[in-house]
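> Residue numbers for the sequence shown follow my numbering, beginning at 85 and rising by one.
Some hints could be false.
Stated by the list, open to error - In the PhoX-like style, the derived pairs of lysine-lysine whose C-alpha atoms are separated by at most 25 Å in a straight line are: (1) 174 to 254; (2) 174 to 261; (3) 174 to 206.
I should point out that these hints are in silico values taken from the structure, not numbers from a laboratory.
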Amino acid sequence: MSRFSPRALIFDMDGLLVDSEPLWHHVERAFARARGGEWTDEMALACTGQGIGRIVHIMGEQIGFPVDEARDVAELEDRFLAHVESLSLKPFARAFLDEARGRLPIGLASSSPRRLIDASLKRFGLTDHFDVTVSGQEVPRAKPWPDVYLRAAERLSVGAEGCLALEDSKNGVRAAKAAGMAVIAVPEGDGAAFVEIADVVVRSLEEARALVRLP
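Model the full structure from these sequences, guided by the hints.
Set out below in structure tokens:
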């Protein structure tokens, strides 16, 4: 299996470092029910990794309610923040970040809104582990477009070709690859669908760490 010697690491957050996907699905289901609709696990999975603004519009189309993006995004954020203390880290997330900290520039490229990124990192005392954090709200196009990864690389002052991205979603992998980065995919469950789009597919962050040469 390939090993990587990157000049910078860029991590996704939700589902990769923070076990937040179950909470997101709960929040989205409650949001949909409040509008008289149902939001299934299949619908949620198809949207994983996309920006929250885009998800609101998809929900409006599929459930059938008029979207007010600013209002609806704020409501989803508030529902998420009400439960942020229930979040947990994914296995080996802290160990990986602790080991890489200070040895390579580290960025975060997340589709989540800024205040959810900040609250999640603060919850686990990880804010200072990242040299740069970029929200999908802060770029013109969220994942699967490459903008969030390109912005993170720019702010790290490292060319995209020198960055290694770590992702758990297909939309995220596509975004990082479109930015010109090598990508290790760490999907939840079966990784067969990632083989054709990621450089390497592993089952855990511990396996991913073993493939990264740190200076």
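> Is the straight-line distance between the alpha-carbon of residue 174 and that of residue 206 25 Å or less?
The hint holds at about 15 Å.
> Between residue 174 and residue 261, does the CA-CA distance stay at or below 25 Å?
23 Å, holds
> Is the hinted pair residue 174 and residue 254 satisfied, with a Cα-Cα distance of at most 25 Å?
18 Å, holds
Violated hints are absent here; each numbered hint is respected by the structure.
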